[in-house]
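If you read the protein sequences in the order shown, they are chains X and R.
Everything in the first sequence is counted per our numbering, starting at 828 for the first residue and increasing by one.
Everything in the second sequence is counted per our numbering, starting at 828 for the first residue and increasing by one.
Think of the hints as simulated: they come from the structure by calculation, not from any bench.
Among the clues, some could well be false.
Just so you know, same-sequence chains aren't split out, so a pair can sit in one copy or run between any two.
[Unchecked claim] Here are the simulated lysine to any residue pairs, SDA-like style, with alpha carbons at most 25 angstroms apart:
#1 1002 to 939
#2 1027 to 994
#3 1002 to 943
#4 1002 to 1017
#5 1027 to 977
#6 1042 to 1018
2 protein chains.
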Amino acid sequence: MATSTVENYLKHILLLSEAGAAGALVPMGGLAAALAVVPGTATTMAKSLADAGLIEHRPRHGVRLTAEGRRVALNVLRKHRLVETFLVNVLKMDWSTVHPEAERLEHAISDEVLDRLDALLGHPATDPHGDPIPSAQGKLSTEVHATLATCATARPLRVVRVTEQSAEFLHFAEKNGLAPGATVRVTGRNLTAGLVTVKKNAGRPLALSLAAAGKILVTPVRG
Amino acid sequence: MATSTVENYLKHILLLSEAGAAGALVPMGGLAAALAVVPGTATTMAKSLADAGLIEHRPRHGVRLTAEGRRVALNVLRKHRLVETFLVNVLKMDWSTVHPEAERLEHAISDEVLDRLDALLGHPATDPHGDPIPSAQGKLSTEVHATLATCATARPLRVVRVTEQSAEFLHFAEKNGLAPGATVRVTGRNLTAGLVTVKKNAGRPLALSLAAAGKILVTPVRG
DNA sequence: AGATTCATTTTGACTAATCAAAATAACCGT
DNA sequence: ACGGTTATTTTGATTAGTCAAAATGAATCT
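Using the sequences and the hints, build the whole thing.
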């Protein structure tokens, strides 16, 4: 059985490789940063994960999941996102507080509980942040969305995902009506100043940094 | 924050001390056995728990929880039993499979989740095995019940608790209508042979060893 | 191409938790 | 009170995971 440390390494390698180019190696530096360990620790761990056949380690270049490693990582990610969904939908917890909770629970629940949770929640496709939940068969939707930093302006949009897990940011997004499901419109964008202005249907305009806007994924909606 | 190993030691010390005489020391041997470690390991850990002020260690005699240790232990036990209740009542899992699951989850859920689970379940007083759930204020009901090995014969009884966590035994109990809530009657008891016979309302009699009968706690019912 | 910079790996050391086996203390019966 | 049995503690080692800091290799920039 994989320890929760191992599960965490695999999960973060998966997340980083989804973020990067397809088939690319995940560099050790990024991995170490994601796991909040010093680089040397990540290297040590990479060697043992490679010995266990869970990752491929190209020394001095980076790591990549094997098929088996990916299987384990997807299972952990599925647990994480279903647990988050459970905590918000059933226990009515705030979506901004749910991440650290799921971070621990994802290593504690069995596949049996996972399946029952999935059924209880009605086999949801995404978690409360809009992050896709890997299917039981290990399929992870990779639909690519525009962000408030890149989308067309003036058109009505629906927020589909918020790719940040810090409570601060999530709180901010909720307060300003930018949670998944919300409808907004980009009223202005100034690349030089690094500013995006958005407007909710009947609200006053709100200014966001490009960095923040880039974390809000949207899809056009028939207006 | 206490590690899950620490939480486990404290929980088992609590369970063993509840089982024994009030105020008695829990011997190291029993503790080591309960935790499935060699005695030397339990001694080492006892020293560090004592240093942390969680237990009192009387070398060569045994251990006892301090007020703080008891507080932590009760919190863990509360999590364990509420999780079991959740798994059975909400996720519809079998009561015989739920113990090992809760054994991991009890260390992974926060007090926040604990409280919400408690509310969701309607503040239950006992878990599916009939074991009392410590209150949020740290009160643990210590009601003392007769067992099928010690109760009056011929009278109608209600099963209130089954003090075993092995899936085999729980399965057996359920198959034979001896889960909490069931009504039974002791039709015979032979101390010499170590046998107890019980009968369900409309069922055929069932023979149990005294050891097994001692694990089924019952209360008289107006009949 | 050569030197500098930056990421990565190595090395040595540490903590938590464990075991095996030797040493020691407590208890119990005569 | 003595000797033997049994429980407990000590001692020495092991494993997983980590850090700090030195060593090394890759990449970049004139």
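message: Run through the hints listed earlier and report the numbers of any the structure violates, in increasing order.
response: none
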